[in-house]
Amino acid sequence: MKALVMRAPGTNCDSEMVRALKTVGFDAPLVHINDVLREKNLSRYDVLVFPGGFSYGDYIRSGAIWGKKFVAVLKDELRDFVAAKKPIVGVCNGMQVLVEAGLIPRTADYPEAAMASNSLGYRCMWTWLRVEKNVCGIAGLYKKGEVLRVPIAHGEGRYTVAPGTEKKALAELEGNEQIVFRYCKPDGSPAGGEYPWNPNGSLSDIAGICNPEGNVLAMMPHPERASFFWQFPDWTLGEKREDGLRLFKGLAGSAGGKSGRSI
Amino acid sequence: MLYRVEVRYKKGVLDPEGNAALDALRSLGFKADAVATAKVYLIETPSSQKDVEEMCRKLLTNPIIHDYSVSKA
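The listed protein sequences derive, respectively, from chains A and B. Residues in the first sequence are numbered from 8 upward in steps of one, following the numbering used here. Residues in the second sequence are numbered from 408 upward in steps of one, following the numbering used here.
Keep in mind the hints are simulated off the structure, nothing from the lab. A hint or two may mislead.
Every beta carbon over 12 Å from chain A, so not counted as near; a handful from chain B, in silico [said to hold, decoys possible]:
(1) L432
(2) G436
(3) V442
(4) K465
Residues from chain A that face chain B, not an exhaustive set, calculated with beta carbons under 7 Å [said to hold, decoys possible]:
(5) K75
(6) A115
(7) Y117
(8) A121
(9) A123
(10) S124
(11) S126
(12) T167
(13) A169
(14) P170
Now the in silico label distances, taken between C-beta atoms and shown as ranges [claimed, not checked]:
(15) A:T243 to B:L432: 31 to 39 Å
(16) B:G425 to A:R26: 37 to 45 Å
(17) A:G245 to B:G419: 42 to 50 Å
Don't be surprised by glycine CBs; every beta carbon is placed ideally from N, CA and C.
Required output: the full structure, derived from the provided sequences and hints.
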């Protein structure tokens with residue numbers, strides 16, 4: 008199983024990502040985006056991963072340059088990859104890339120959503136996530152309603168749709184079961200847009216969503232920073248969690264062309 | 408030709424930086440009713456205005472949250 012972890016100038020979560028992927032059995036080469044664009048050969052990988060960071064200095068918009076460059080060179084390859092139901096994961100800056108590339112909320116030539124500035128600026132903190140009823144095979148090892156502890160670190164993570172279309176967009180996302188994670192309170196009750204439970208003011212507390220087919224997952228929280236017990240703030244007090252690691256185990260299960268709940 | 412591209416938030420999109428500037432201006436004793444931020448690009452190019460507009464749609468804006476205007480600088 009080969010998971011391509013890409014890095015662009017300014018990417019800074021690549022090593023944690025590689026470590027988490029290797030832990031669940033992936034061969035996880037870390038390749039610079041310029042080499043990926045030169046090779047033009049995505050088909051030799053089973054999984055594509057866009058890790059977090061501040062690619063291209065977050066200039067123009069977070070994720071925009073990476074996303075647009077990628078699509079400009081590899082549009083057909085990328086669409087074949089998605090159509091083959093192979094998993095693509097974008098975390099943090101990677102989510103911004105997937106939205107700007109027109110892969111989230113679904114494949115499109117122009118973005119159908121935006122990752123807008125947080126209502127309170129840059130935030131680096133632990134958050135609670137509730138697993139929603141979803142079609143995402145990558146998140147298939149989580150139970151619906153389960154509450155996870157995963158950190159965020161971003162300034163532009165407010166999932167936004169065109170003003171006035173919020174209701175319609177939400178109904179569509181919910182109808183397709185595309186919302187995978189929502190920010191919530193520690194007991195799993197809705198954050199209701201309230202800070203700090205919802206750290207960025209995102210629409211309907213959305214923290215992570217997938218495409219309608221369930222093989223492309225984009226999330227702002229960092230599962231690779233919550234994959235080992237010693238990464239959790241209270242591990243010396245006996246907190247034994249590895250909430251993020253199950254995402255990567257699920258990813259391993261859904262790699263190889265399978266999607267949906269076929270883990 | 409030098410073009411001036413201005414990128415603004417669409418009406419109804421939260422502008423935290425504008426709001427922070429508004430609060431700060433008021434706290435300094437200035438009178439202000441609203442502040443909106445915008446980003447300006449000055450682009451030197453042999454391309455037509457139409458092409459510059461395509462630059463806006465393709466890269467410089469996210470059409471979901473931004474409006475833009477292009478003029479000759």
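Cross-check of the supplied hints:
Once the 12 Å rule is applied to beta carbons, L432 (chain B) is consistent with being away from chain A; the minimum gap is 18 Å. With a cut of 12 Å on Cβ distances, G436 (chain B) stays outside the contact zone with chain A, its closest approach being about 24 Å. With a cut of 12 Å on Cβ distances, V442 (chain B) stays outside the contact zone with chain A, its closest approach being about 14 Å. With a closest Cβ-Cβ approach of about 7 Å to chain A, K465 (chain B) is found to fall inside the 12 Å limit, against its non-interface label.
The interface hint given for K75 (chain A) holds, since its Cβ lies 5 Å from the closest Cβ of chain B, which is under the 7 Å cut-off. Evaluation of the A115 (chain A) hint against chain B yields a violated restraint, the C-beta minimum of about 11 Å exceeding 7 Å. Satisfaction of the interface hint for Y117 (chain A) is found here, the shortest Cβ-Cβ separation to chain B being roughly 6 Å, below the 7 Å cut-off. Satisfaction of the interface hint for A121 (chain A) is found here, the shortest Cβ-Cβ separation to chain B being roughly 4 Å, below the 7 Å cut-off.
Against a cut-off of 7 Å between C-beta atoms, the interface hint on A123 (chain A) holds, since the closest Cβ of chain B lies about 6 Å away. Restraint check, S124 (chain A) versus chain B: the minimum CB separation of about 5 Å is within 7 Å; hint holds. Annotation: interface hint on S126 (chain A) holds; nearest CB of chain B at approximately 6 Å, less than 7 Å. The restraint placing T167 (chain A) at the interface with chain B holds, with a minimum CB-CB distance near 6 Å, inside the 7 Å limit.
Below 7 Å, beta-carbon pairs count as interface contacts, and A169 (chain A) has one with chain B at about 5 Å; its hint therefore holds. Hint on P170 (chain A) holds. Least Cβ distance to chain B is approximately 3 Å, under the 7 Å limit. The supplied range of 31 to 39 Å is broken by T243 (chain A) and L432 (chain B), whose beta-carbon atoms lie about 46 Å from each other. With their beta carbons about 40 Å apart, G425 (chain B) and R26 (chain A) fall inside the hinted range of 37 to 45 Å.
Evaluation of the 42 to 50 Å hint for G245 (chain A) and G419 (chain B) yields a pass: the beta carbon distance comes to about 47 Å.
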